[in-house]
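**Q** Chain order of the listed sequences is V and Z.
Heads up, the first sequence is in the numbering used here, so the first residue is 1 and it goes up one at a time.
Heads up, the second sequence is in the numbering used here, so the first residue is 1 and it goes up one at a time.
Because the hints were derived from the structure by calculation, they are not lab data.
Even glycine gets a Cβ: it sits at the ideal position worked out from N, Cα and C.
Hints may be right or wrong, so weigh each one.
As the list claims (entries may be wrong) - Chain V side only, calculated, beta carbon under 8 Å to chain Z, not exhaustive: (1) I73; (2) K77; (3) S124; (4) L145; (5) S191; (6) S194; (7) I197; (8) G279; (9) H283; (10) M302; (11) K400; (12) V404.
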Amino acid sequence: MRNINRRRFIRDSAALTALAGMGWKPSMAHAAQGERKFLFFFASGAWDSTAVFDPHHGSDGVDHMPDSFTRTIGGLKHTANDLEMESVSRFFSRWGDRAAIVNGIDAHTVGHESGRMMTMTGTSADNYPDWATVLAANGQGEYPLPHVVFGGPAFGGHLAGSVVRAGGGTLLDLIDGRIVGTSDLAAPMLSAPSDQILDAFVYDRVANFTGDRAGLRGATRERTDALMANIDRSLEIEGRKFEAGLGNLGNGMLDQALKATEMMRLGLTRTAMIGIPGGWDTHGGNDPQEVQFNNFFEAIDMLMEHLASTPGQSTPWQIDEVVVVALSEFGRTPRFNGSQGKDHWPYNSAMVVGSGIRGGRSLGASDGGLIGLPVDFATGQQSDTGDILGSENFGAALLKLGGVDPATILPGVQPFDALLRNA
Amino acid sequence: MSTRILALLAGLSLTACGTEQKSDADSAIVALSPREQLIRLSVDLRGVHPSEAELAAIEANPALYEDYVDAFLDDHRFSGRIADIFNSRFLTRTGASYGLSASGFDMPAIVNAANNEQLKLVERIVENELPYTEIVTADYTMANPVLALALDLDYPEGAVGWEKSHYTDGREHAGVLSMTTTWLRYTSMGGNANRSRANAVSKMLLCDDYLSRPIVLNRAAVDQLTVDPETAINTNASCQSCHSTLDPLAAHFFGFFVYDDDSMFEDPTVYRPEREEGWRLYAEKSPGYYGTPTSGLGELASLIADDQRFVGCAVKTVFEGLTQRTVVDEDWAELTDHLVAFEDSGLLIKPLVKSIVMADEYVAKDVLDEDLALRIPSVKMVSSAQLSDIVAAKTGYRWEFAGVDIVTNRSAGVPTLLGDIDGLNMTSRNYRPSVGAVFVQERLAYAAAWAVVDHDFDPDREGDAKLLKYVPWSATPDSHPDEFEFQMRELYRDITGLALADDAEEPAALVQVWRQLYSVEGSSKKAWAGVVSAVLRDPAILTY
């Protein structure tokens, strides 16, 4: 019913603007109130989980970077280095009560591409959507840009229509429209009413196109439905572009995060994926891990500051509705290799910060050789009667946190409830 | 236009009668109209829409379809389309330069050279109608002046394009297996001992990803891996399920290994024959291919070329690329038909492609069988290269920034917005149009439309008008009502390739759009630019 009204509204709006020069100012985002948004960060190449999340100082089985030590803040343990990783400890001291570290996650693989797939989808099978896509596609709200990928992995699977690739920031230039004035043959922009006149014509053409194919099924139907839905979304976004004011931001990791959270605040987006810069595949020397972790934590410290001081879409502050998830495809070996680097290792860690998280604790466990130990999924603590925590269990908990029943995506997979405040 | 097509058009009147369409009433598949069939065929094989003359010809005589198939297979753009398809398997176009340097050439030229050595071999195989086995048995490589300079290749003097070339460092040539850029794209870290490269070869040439195999490691295996990974790999049954064949394959590539005996990283562009037996330092598995010992890349290439999985992988790659389907078990019978055609031809790409595009499934508009309907998309999405070429063919315009086509160039990310792969993070195409694709089409359409208006209404222009042929720039719907109506109808057909019905609403609607735009902008030029852009935003441009 809403779509029918919307189409009529667009047509009527175009006619009105043509006649009266009135601007279309729709406010049609139907994002659900109180629904959590998710901002994913991904370190492609595989981070060294012991460099921050899973310290084993004192164990002969794990090599750490020089000058590092274990620091405990509340119930959170992390690897600290006050010379090289000052931002890490600062982050945990400021935001640790909202953060959960999860250790001993079995990625089930040590291949980069398969690791990304396993970590983000919980399966090695092709064509499964990743956690972010599932959450975006299953939101209660109607998000014009459901899942925005600024960088990092993107597995759309059968829900690929919900994935919007930001294209290095170009998407925002395209939305803005001024991009046509900056090409080699610059074109003058049309006024907003003219834009709406054209949009109305195109909308009808696409509606006819999809209507003519309404009886088709399967893959065809998915494509035509996606085209119609995204014409809808594009019109809504154009109508609201003046609100976002995103054009002045750059394209660094923090800039992307701020763009993403602003789109979340406006109800345009539910999830986003951002790549954590750096060369994480440190076989040839582990030094970059500290630098890159420090840069990352410096950025998300500023991000959290922003979230804590920016009104949310449905909560007083954004920090109460946004969940920050930091992942990598697997971990690195506990011991240095001959190049003082570390190779691929299936056991990994992750960090989740923000709304709905039972924060201030390190969950999961690994032994002195950095091998995952059985844990009780309810408490998150080591238990001989527990299970090895897999990436699929971790992801299932994220789905649950986002209001999606994990059994509908990965039947039989037990969510890692210890992560959740209200499991 | 090829002489073959000219001959087809000339012979139109002789063959216009007594033909039948590809569908029949008893079939589970309803075929596209002849015009739509030819558009699909042309976009797939040439990357652009057919000309109006070609469309009129097949509309008059649908039996010409096969003749057009043959003609398009001989089109100069066909080999590039096949290379695009194989990029989805090889994933070599990543936008990375891999640290190559070539004095006097800019970075885009270096990236182009670094990303296309394998795909230019594909193009050569297609253009010269060589058996696909050449992809691994070629005793040469492909290079342009940039790559030749960067890798010190023996390149024909005075040549300017991609040509047969040779490495001069003593390596055994074996098609993509001996190309330096293959091993720059697929690296191996020290402890990995070329295993990731072996898996890359398996994925590229056999469509078999070791990493997709389910592995269950028990606690003892994990403990053993921790202490002594190489011994665990050699002795543990779980590890051996992959490593018994993976490691002998990996043993072929130590001449390209970039770590010395002290695990120090060295220049990755250099082939080092003295390292060929580096496998002795790792798993101690000597070179072999699924149980057959080999003496080097040449024998490996022969064994791969003889492997039925290699043939099947080529068929799967081309089939999936042309049909935008993902092969499942139920497709086996259909795929077997194409496999037979491929093998009967001596593994030539053109007969394989012809087999696919002549199948009823290829020209499906609707599929009545429920199960089949789930697998066959009757709406296909253009790639970024196809979109750029289609718009350029119709308008003469490419959306360039500092001379770079933003639609196809990866740097700004537009191809991924359109659903293309990037070779690294996005390794399979998204065929469902996203909101990003909608915005790209909208802005590209307006930029191209403005270029059309700029050209067509230029009183000093050279050549014919691109699209606005029937209305003077000073005309209005009130002064030239019939011309406006006719122009809109022709505009629609010229851009989409599809003729409107006599009672279609679009011409009048477009005239109304013109009036509205003119009333808002007060500019005939802007009004026409808007109208042209509206038609360029038609779904018939983004789909085929």
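**Q** Run every hint past the structure and note whether it holds.
**A** Going down the list of hints, with the structure as the test:
Given hint, I73 of chain V at the interface with chain Z, is violated; its Cβ is 30 Å from that chain's nearest Cβ, farther than 8 Å. Here the hint on K77 of chain V is broken, as its CB sits about 22 Å from the closest CB of chain Z, past 8 Å. About 6 Å separates the beta-carbon of S124 of chain V from the nearest beta-carbon of chain Z, less than 8 Å, and the hint is met. Hint status for L145 of chain V relative to chain Z: holds, with the closest Cβ pair at about 6 Å, below 8 Å.
Annotation: S191 of chain V was flagged as interfacial toward chain Z, and the flag holds, the nearest CB pair being 6 Å apart, inside 8 Å. This hint holds: S194 of chain V has a C-beta 5 Å from the nearest C-beta of chain Z, less than the 8 Å allowed. With a least beta-carbon distance of about 5 Å to chain Z, the hint placing I197 of chain V at the interface is held under the 8 Å criterion. With its C-beta approaching chain Z no nearer than about 12 Å, G279 of chain V sits outside the 8 Å limit, and its interface hint is violated.
Using the Cβ-Cβ criterion of 8 Å, the hint placing H283 of chain V at the interface with chain Z is satisfied: the shortest such distance is roughly 4 Å. Proximity of M302 of chain V to chain Z is violated relative to the hint, the smallest CB-CB distance being about 25 Å (cut-off 8 Å). Given hint, K400 of chain V at the interface with chain Z, is violated; its Cβ is 25 Å from that chain's nearest Cβ, farther than 8 Å. Contact between V404 of chain V and chain Z, as hinted, is not supported at the beta carbon level, the nearest pair being about 20 Å apart and thus beyond 8 Å.
When held up to the earlier numbered hints, the structure conflicts with 1, 2, 8, 10, 11 and 12 and fits the remainder.
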